[in-house]
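So the protein lines, in turn, are chains B and W.
Heads up, the first sequence is in numbering that gives the first Met the number 0, so the first residue is 0 and it goes up one at a time.
Heads up, the second sequence is in numbering that gives the first Met the number 0, so the first residue is 0 and it goes up one at a time.
Derived from the structure by calculation, the hints contain no laboratory data.
Be aware that one or more of the hints could be misleading.
Here are the simulated lysine-lysine pairs, BS3-like style, with alpha carbons at most 27 Å apart [stated by the list, open to error]:
| no. | chain 1 | residue 1 | chain 2 | residue 2 |
| --- | --- | --- | --- | --- |
| 1 | W | K125 | B | K25 |
| 2 | B | K11 | W | K85 |
| 3 | B | K20 | W | K125 |
| 4 | W | K125 | B | K39 |
| 5 | W | K85 | B | K39 |
| 6 | B | K25 | W | K108 |
Facing chain B, a subset of chain W residues (Cβ under 10 Å, in silico) [as the list claims (entries may be wrong)]:
| no. | residue |
| --- | --- |
| 7 | H12 |
| 8 | D36 |
| 9 | V38 |
| 10 | T63 |
| 11 | D106 |
Note that the coordinates shown come from a computational prediction; the quantities given were computed from them, not determined experimentally.
Ideal placement from N, C-alpha and C gives every residue a C-beta, glycine not left out.
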Amino acid sequence: MVFIMVNDSNLKTTPLHSIHKELGGKLVPFAGWHMPIQFKGVIQEHQCVRDGVGIFDVSHMGEIEITGPEAKKLVQYLLTNDIETMQNNQALYTLMCLETGGVVDDLLVHRFSEDHYFLCVNASNSDKDFQWILKNAGNFNVSVKNTSQQTAQLAVQGKHSEALVQKLCDTSLGEIEYYHFRKAKIHNYECIVARTGYTGEDGFEIYTDSNDVPSIYKKIMEEGKSFDLQPIGLGARDTLRLEMGYALYGNELSENSNPLEAGLGWVIKLQKDDFLGKAALKKQKDAGLSRKLVGIRLLERGVPRPHYRVLHEGSGVGELTSGTFSPSLNTGIGLCYVSTEYAKPGTRLDVEIRKSNVPAEVVKPPFLPSRVKK
Amino acid sequence: MEVPENLLYTQEHEWIRVNGNNATVGITQFAQEQLGDIVFVELPEVGTLIEQETPFGVVESVKTVSDLYAPVSGTVTAVNQDLESKPEQVNDEPYGNGWIIEIEIADNKELEKLMSPEEYIEQCGKEQG
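Construct all of the structure, not just a fragment, from the sequences and the given hints.
Okay, here's the thing in structure tokens:
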């Protein structure tokens, strides 16, 4: 085997970089950032989140604030989901699309009030998203700010996350429903605490000032000892999200993908007034879908990886957009766009792994039941 | 880092324990740490001819796929069947129960190309930067 050495001097680091090193994190380049891929091991960290509680540094994620009298109008125009129905302190999963219907990014929009929203966007897209928003904000009376640099983000995920965070928080977390948030103090620092996540477990995403995050992180780690809290790397973040069938930008979604095929029609509200991509998406919907993103589960041993070919009776029908070993199921899983004739759960397909065909079947994600608090 | 004295090493992080014309092959402690949790080992069949510096199998961790390179040419005489159900043995005991194949060496002269423990430690030091 050959391990490639990477020059990490041009990579961005989060305020927790040195803490990750102290904790034994293995740091790798990810989306321009030097991030921990694992601490003790991907499988063990994965199980820690499924069985108890884990903490992730996701400060590489981008944040964009939109304020002003026409903030709601702009956000409604930029995003595919219906912003009109949002209440204060509510979060919503949505897409931001090109005129073509291709996906600029998938993101979470949070509403403080109808003249103040903040978006949590993918790390690799934050500059692009910001430019895209500026470009389209010209006719609106708003102010748009990229606050990614001064904002840090932690995710505390797993069934013990509420009990743990509550020990340090001045606000009753039981009052924060799924996909809602509050401004609250954690360890006496101002934070935004949202009941959201990317794992399929109950948990919180905590946004705070970059300067404050080391103190908050250390305090949560200390308080977490009695819950067997562990730091979790990006490796387990990926296995956890893939078991839920959650899309990852760059894998399932891109500027060339059709979000309806990705099964994201539920966040595309074609009945709302004009928004970017509406005409194209409506046309695609009316024409009917020819392909669909499905879950693939291996029936024999092997590890499916992105770009592996998927076959039906020897003929190629697609390639995996994501693939990994599922620690919970102890088997290989993946996602793949296939023609609708092969999309039915139970359809027998093969995944080509190093020239041999490994039997697999189509599954409707999630691969295991979500346990978010609805 | 554990680098046993009585073994020889490849640049690609395999070890070989030579016993006359026979040898056992596995991957090093450094390699298993770099790979992380190993979830699958693709083994050759007994009787396969393998060639020095050429892939003979594959080891997969959650995050990566890596080829296994033959330290010397020879014939596979045994494979570690336990790894089919317990691939994590490679992480737990890379020099023990995590062994991968046994071979009959074709030409003992090829051993001269391999690294001593000291040379291997030096290489790992460089790779860690």
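Practice item. Would you list, in rising numerical order, the hints stated earlier that this structure does not obey? Key: 2, 6, 11
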